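These protein sequence lines are chains A and B, in that order. If you use UniProt numbering, the first sequence closes out at 608, no skipped numbers anywhere. If you use UniProt numbering, the second sequence closes out at 608, no skipped numbers anywhere.
Just so you know, the hints here were simulated from the structure itself, not pulled from any lab data. Nothing here was measured: the structure is a model prediction, and the numbers come from that model. It cannot be assumed that every hint is accurate.
Stated by the list, open to error - Straight line, CA to CA, 25 Å or less: simulated PhoX-like cross-link-like pairs of lysine-lysine:
hint: 1; chain 1: A; residue 1: K433; chain 2: B; residue 2: K433
hint: 2; chain 1: A; residue 1: K433; chain 2: B; residue 2: K555
hint: 3; chain 1: A; residue 1: K555; chain 2: B; residue 2: K555
hint: 4; chain 1: B; residue 1: K71; chain 2: A; residue 2: K433
hint: 5; chain 1: B; residue 1: K191; chain 2: B; residue 2: K58
hint: 6; chain 1: A; residue 1: K601; chain 2: A; residue 2: K484
hint: 7; chain 1: B; residue 1: K71; chain 2: A; residue 2: K71
hint: 8; chain 1: B; residue 1: K71; chain 2: B; residue 2: K561
hint: 9; chain 1: B; residue 1: K543; chain 2: B; residue 2: K495
hint: 10; chain 1: B; residue 1: K479; chain 2: B; residue 2: K555
hint: 11; chain 1: A; residue 1: K58; chain 2: A; residue 2: K374
hint: 12; chain 1: A; residue 1: K543; chain 2: B; residue 2: K288
hint: 13; chain 1: B; residue 1: K555; chain 2: A; residue 2: K561
hint: 14; chain 1: A; residue 1: K543; chain 2: A; residue 2: K495
hint: 15; chain 1: A; residue 1: K555; chain 2: B; residue 2: K561
hint: 16; chain 1: A; residue 1: K71; chain 2: A; residue 2: K58
hint: 17; chain 1: B; residue 1: K374; chain 2: B; residue 2: K424
hint: 18; chain 1: B; residue 1: K433; chain 2: A; residue 2: K555
hint: 19; chain 1: B; residue 1: K480; chain 2: B; residue 2: K543
hint: 20; chain 1: A; residue 1: K433; chain 2: A; residue 2: K555
hint: 21; chain 1: B; residue 1: K433; chain 2: A; residue 2: K71
hint: 22; chain 1: A; residue 1: K288; chain 2: B; residue 2: K543
hint: 23; chain 1: A; residue 1: K561; chain 2: A; residue 2: K424
Stated by the list, open to error - Distance windows between CB atoms, simulated:
hint: 24; chain 1: A; residue 1: L205; chain 2: B; residue 2: D444; range: 45 to 51 Å
hint: 25; chain 1: B; residue 1: E77; chain 2: A; residue 2: G158; range: 52 to 58 Å
hint: 26; chain 1: A; residue 1: S55; chain 2: B; residue 2: E594; range: 51 to 57 Å
hint: 27; chain 1: B; residue 1: E392; chain 2: A; residue 2: D135; range: 45 to 51 Å
hint: 28; chain 1: A; residue 1: E363; chain 2: B; residue 2: T107; range: 46 to 52 Å
hint: 29; chain 1: A; residue 1: D569; chain 2: B; residue 2: H98; range: 34 to 40 Å
hint: 30; chain 1: B; residue 1: R422; chain 2: A; residue 2: Q472; range: 49 to 55 Å
hint: 31; chain 1: A; residue 1: H602; chain 2: B; residue 2: Q274; range: 39 to 45 Å
hint: 32; chain 1: A; residue 1: K381; chain 2: B; residue 2: D444; range: 23 to 29 Å
hint: 33; chain 1: B; residue 1: D444; chain 2: A; residue 2: Q284; range: 32 to 38 Å
hint: 34; chain 1: B; residue 1: A96; chain 2: A; residue 2: D569; range: 40 to 46 Å
hint: 35; chain 1: B; residue 1: E286; chain 2: A; residue 2: K480; range: 28 to 34 Å
hint: 36; chain 1: B; residue 1: T107; chain 2: A; residue 2: K484; range: 43 to 49 Å
hint: 37; chain 1: A; residue 1: T219; chain 2: B; residue 2: H359; range: 46 to 52 Å
Every residue gets a Cβ at the ideal spot worked out from N, C-alpha and C, and that includes glycine.
There are 2 protein chains.
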Amino acid sequence: MSPSADHEGYRIGSVDASTTMVVVGAGPSGLMLACNLVRFGIAVVILDDRPDKTSTGKADGMQPKTIETFKQLRLAEPLLRTAARVHDIAFWQSTADHPLRRTGRQTHYPEHLVGASDPYILLAHQGMVEEFLIDDMESRGVFITRNSRFTSCLRLSGTNNLEIVYENISTGTSHKIQADYLVGCDGARSKVRGFIPDADLEGELTNAAWGVLDGVIDTDFPDLWSKVALRSASAGSILWIPRERGMTRLYVELSSTDGERVDKAKATTEYVMQRARDAMQPFQLEWKSVEWFGTYVVGQRVARHFMDPQAQIFIAGDAGHCHSALAAQGANTSMHDSFNLAWKINFLSRGLARPSILHTYEEERQKIAYDLIKFDVEHCKAFAEGEAALSENFDNNIRFISGVGAEYGPGMLTSASANDSRLKPGMLQLPAKVTRYLDANPVDIQLDVPLLGQFKIYTFVPEVSQSLGFLQDVTQALKKTFVKITSQAEQSYRKQPRGYAPSDEFVQSHRYTAVSEAFTLAMVTRSPQSQFEIANLPDLFQKSRWTLYLDNAEKASCTQKWFGDLRSDKAGIAVVRPDGYIGAIDSWGTSEGERAVQWMKHYFSFML
Amino acid sequence: MSPSADHEGYRIGSVDASTTMVVVGAGPSGLMLACNLVRFGIAVVILDDRPDKTSTGKADGMQPKTIETFKQLRLAEPLLRTAARVHDIAFWQSTADHPLRRTGRQTHYPEHLVGASDPYILLAHQGMVEEFLIDDMESRGVFITRNSRFTSCLRLSGTNNLEIVYENISTGTSHKIQADYLVGCDGARSKVRGFIPDADLEGELTNAAWGVLDGVIDTDFPDLWSKVALRSASAGSILWIPRERGMTRLYVELSSTDGERVDKAKATTEYVMQRARDAMQPFQLEWKSVEWFGTYVVGQRVARHFMDPQAQIFIAGDAGHCHSALAAQGANTSMHDSFNLAWKINFLSRGLARPSILHTYEEERQKIAYDLIKFDVEHCKAFAEGEAALSENFDNNIRFISGVGAEYGPGMLTSASANDSRLKPGMLQLPAKVTRYLDANPVDIQLDVPLLGQFKIYTFVPEVSQSLGFLQDVTQALKKTFVKITSQAEQSYRKQPRGYAPSDEFVQSHRYTAVSEAFTLAMVTRSPQSQFEIANLPDLFQKSRWTLYLDNAEKASCTQKWFGDLRSDKAGIAVVRPDGYIGAIDSWGTSEGERAVQWMKHYFSFML
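Pulled out of the complex, with its shape left as it was, chain A reads as follows:
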């Protein structure tokens, strides 16, 4: 996996002849996938046909859920320090009768509709996001194979292996890699997609064409530093997005959705600037500098398949879905495609789950892609209709836009069992503050346990003293039922450890795998710290001392947020998947430990 040559600042050359996974494309989706696999300890080769990471332009908005994901990866800090933040949206409109004026202003992600812990869009250009993922991989000794264009893929006869061919663009030479999996994160024109049967994009190109300009703006328009949706009487719509380093991104509508597409040759920087100036009258609009310019025609399409029937070739990101850029969904959805796939590949590669687990990738992510297109169609329509329609569209879809509302249907990994908890299987865990028992540190429950590819089993016991029997039952069951999986996981990680970086020393990940490499056991209680000692808990909970939480950090308790009312004689369990989605959640009387155990067995049957 080590680089073979260092040529003019980037890595080129032939790579291992054999690996577990080949990722094609080192954009946000491909890097999110590779970075996670490297951390899990899975061998990966990343091919990219560019000589370096994105330097300007392209995707630039990270939604609240994506910020959470980067926090979970412990990669968010440099982005939070450098990126711009959008907290509000202003609506402006001019009509034949009224000059341009502000018609409204509202909070972008209202607490009561979204409830995200970071309720804003983080604006930084795609290259910065790529950089932090790349840095993390490189700190673990894995480098991107640059200037390398994917050519073809075939299944070696008589084996389950794929043979992947790529061309080194610098040298013109051709190279082969054997791998178990191939994932195309190679954009809307994905070449990998062609190797998945019946995976064409379905849907239409629209007539909507937009110019995109990143630059430093000089204007007397007062809302330069808010997100602004502006609809002019005669010169189309504009979307303003504040950016890092004093820049602003302008999306400028080049033709109405009803009319003809604008001639591509006509859509120059100067043309787009003039159209923006026309729409912004009577405000002045000039550019001190322009960093990037692009145009695109809106297509709203989803690939018919995200994977081949053998579950060896996959696509993720733009390769699987494309849509308008207005709601800043692209990179966010793309990275979460990969985030969904990575841990499943890890489980399967280590023999810890049945192969059918991979089919949940398509089920889950294609559902999100369809949700996205459905929203995007309505959103573009509302954008064209003006504030009232757009504001309503926002309210109806704001959870989805933020990413925290991207939800999966029932399936192998998302239990269909009915229960009256507030969190349901297929939803993301809700952010909540709790206090770590051991060191009295207030922590965010959704961020505290590091992402090690493991499940998390949160046991909620309102009162510890009443629930010792229940905790004991759970402990016994975990010991008995999971003995095989735990020992298999331990062997696997010993033989093939997680990707190590010096920064891991500060994470102390062994604190979270004391019980098993396959899951972290946790407890959340409303009992005060003074009422119990760790030494009096069943042994697995003693071992899990870093994940014992006191539910006293916020007025709205974590128990309340996740379960609603949970009486003192009840106990709840929430199984959280490695990607933060709720797999299963239910509650029982504290004497019904055996039922809870059966329920866990049932959920985990895909790995038992």
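Please build the complex by placing chain B on the supplied structure of chain A, with the hints as guidance.
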């Protein structure tokens, strides 16, 4: 200022023959000084006799105020990500009659007593703190002159220049630097101190001797991850401090304060471990690894002077004061010595203030040193007396320990004027959340404006519409009164700009110096955003658009926290010094703009 040679990984060699300031010692105090000066654009040479930064041990606790300072410097993130956090303190005791038991546990920095925005101690070894300061300087092109031992200093006859001699330890050669200022950040045995007349340390060495051990501990003691103050019946006291990377620091008392000092030769690692084991009975105590070991005898001493009468030679940090390590004050106080000095040197070097400004350094920081020793004597005594005394000592001193209670008396830079505001001159600004008008971002008022060496003038107007006349008066006065200082500052920073790093692009510092390089103008109002447009404010406030704040982000408003009740027909002004201390604060009727103007003129007379 650029390095002359790169030798085995660190910078060595002769430096410029002439500079503004020579800093001796690249520990926390010297680095904080140098880093600030480099940012302000002041030429500095940093001499250090060590070949590299601290690798293990030494100071390890950052108090709440120090965390705030690092946040203001935008250097806190990597520390917050990696360091351990102490939120609580547990008290344990054994007596002749009772075996060892927990006698109490409490929050370390209770909100109602301290009110810090980061109410915890951040534990990371000194080298990490040094590293981030060094990295910041290096990103601005300034490197430490390593392996270089300060030898002597003399005033060149007929000039105001100092000639500073140092020895390159590697080559044995001697070098000279001419400089305007010399600062000794060279520790308790400071050599620079000898060049300040009548600057001996005053005070006593005590008989208290302590061993300090950093390592990974294996124990069944349940409170390993809290700060623990433990007093044993027969084997002295122990202080437990959790550390980064799974380590724990133990301070082990080697002799009681009443008895004899322990023989230094006897105080080996093994001796200290055994003494700790004895004190911890019946708990087991073993070390998996030991990273650092040291012993010290507690001295409680303050230098009689912190500077020479000509205000050219200074000492900061341990060179000026030493005391016990138990309350983790050393590095914190030392860095704030430098933090106090740096901006004053900048103002004077640029001809923006009268020379007498430098005398406030000694007035202010020696006062803090005496406060510290007074506290330390009581703290050590309470530590020896056990929980009740220690708990009371904590309650009485916890604001001071946290750093947010380190307060200056009235002086040239801290107005003595009486007023009924809650904040007083000489206090640190109180943390408060406000909303930036321009982009609706919630921000911490004490962190939002970058540290550019400038004063901040916060105008509090509960209702904008009622206060436009007042704002106009302030604007006129700032234009007229500050015209000379503003033009002088502008020329100075044009000629000699602030030290630039690529990361500054994300700070956009010009947003905060639009009115003047010498101060940032800001406004805090309870008026809702919908009730006024920036375009309707007086022009200097329009220019200050990035520092217009809506006081709507918290239930306890910023206005309330800083001023108490401020009626709608009143306006307040808080002048915040470059180091975050309140210089002056008062309020007037909204028609009394002229009185406010006279008041500002009076405060700023040291620079007018």
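So, going through the hints one by one against the coordinates:
1. Distance hint between A/K433 and B/K433 is fulfilled; the C-alpha atoms sit about 19 Å from each other, no more than 25 Å.
2. Pair hint A/K433 plus B/K555 holds up; C-alpha atoms about 19 Å apart against a cutoff of 25 Å.
3. For the suggested pair A/K555 and B/K555, the alpha carbons sit about 15 Å apart, so the restraint of at most 25 Å is met.
4. Straight-line distance between C-alpha atoms of B/K71 and A/K433 comes to about 22 Å, which keeps the hinted pair within the 25 Å bound.
5. With a CA separation close to 20 Å, the supplied pair B/K191 and B/K58 stays within the 25 Å bound.
6. Between the alpha carbons of A/K601 and A/K484 the distance comes to roughly 13 Å, so the proposed pair stays at or under 25 Å and holds.
7. Of the pairs offered as hints, the one joining B/K71 and A/K71 holds, with about 18 Å between alpha carbons and a cut-off of 25 Å not exceeded.
8. Between B/K71 and B/K561 the CA atoms are separated by roughly 21 Å; this keeps the pair inside 25 Å, and the hint holds.
9. For the proposed pair B/K543 and B/K495, the alpha carbon gap of about 23 Å is at most 25 Å, so the pair holds.
10. A hinted pair counts as satisfied when its Cα atoms are at most 25 Å apart, and B/K479 with B/K555 does not qualify at roughly 35 Å.
11. A hinted pair counts as satisfied when its Cα atoms are at most 25 Å apart, and A/K58 with A/K374 qualifies at roughly 23 Å.
12. Between A/K543 and B/K288 the alpha-carbon distance is near 18 Å, which keeps this suggested pair within the 25 Å criterion.
13. This hinted pair checks out: B/K555 and A/K561 have alpha carbons roughly 23 Å apart, not beyond 25 Å.
14. Of the pairs offered as hints, the one joining A/K543 and A/K495 holds, with about 23 Å between alpha carbons and a cut-off of 25 Å not exceeded.
15. Annotation: proposed proximity of A/K555 to B/K561 holds, straight-line Cα distance about 23 Å (limit 25 Å).
16. A threshold of 25 Å between alpha carbons decides the hint, and for A/K71 with A/K58 the separation of about 22 Å falls inside it, so the pair holds.
17. Taking the CA atoms of B/K374 and B/K424, the gap is near 23 Å; set against the 25 Å cutoff, the hint holds.
18. Using a Cα cut-off of 25 Å, the hinted pair B/K433 and A/K555 holds, with the two alpha carbons roughly 19 Å apart.
19. For the suggested pair B/K480 and B/K543, the alpha carbons sit about 16 Å apart, so the restraint of at most 25 Å is met.
20. Of the supplied pair hints, the one linking A/K433 and A/K555 holds, its CA atoms being roughly 10 Å apart against a limit of 25 Å.
21. A threshold of 25 Å between alpha carbons decides the hint, and for B/K433 with A/K71 the separation of about 22 Å falls inside it, so the pair holds.
22. With a C-alpha separation of about 18 Å, the suggested pair A/K288 and B/K543 falls inside the 25 Å cut-off, and the hint holds.
23. About 11 Å separates the Cα atoms of A/K561 and A/K424, which keeps this hinted pair within 25 Å; it holds.
24. Take A/L205 and B/D444: their Cβ atoms lie about 47 Å apart, and the range 45 to 51 Å holds.
25. Distance hint check: the CB atoms of B/E77 and A/G158 are about 53 Å apart, consistent with the given range 52 to 58 Å.
26. Under the hint 51 to 57 Å, the C-beta atoms of A/S55 and B/E594, about 55 Å apart, fit the expected range.
27. Distance hint check for B/E392 and A/D135: the Cβ-Cβ separation is about 49 Å, which falls inside the suggested range of 45 to 51 Å.
28. At about 47 Å, the CB distance of A/E363 to B/T107 agrees with the hint of 46 to 52 Å.
29. Separation of A/D569 from B/H98 is about 37 Å and conforms to the stated range, judged on CB atoms against 34 to 40 Å.
30. The hinted range of 49 to 55 Å is satisfied by B/R422 and A/Q472, whose Cβ atoms lie roughly 53 Å apart.
31. For A/H602 and B/Q274, the hinted distance range of 39 to 45 Å is not satisfied, since their beta carbons lie about 54 Å from each other.
32. With their beta carbons about 40 Å apart, A/K381 and B/D444 fall outside the hinted range of 23 to 29 Å.
33. At about 34 Å, the CB distance of B/D444 to A/Q284 agrees with the hint of 32 to 38 Å.
34. At roughly 45 Å, the beta-carbon separation of B/A96 and A/D569 lies within the given 40 to 46 Å, and the hint holds.
35. The supplied range of 28 to 34 Å is met by B/E286 and A/K480, whose beta-carbon atoms lie about 32 Å from each other.
36. With their beta carbons about 44 Å apart, B/T107 and A/K484 fall inside the hinted range of 43 to 49 Å.
37. For the pair A/T219 and B/H359, the beta carbons lie near 48 Å from each other, so the given range of 46 to 52 Å is met.
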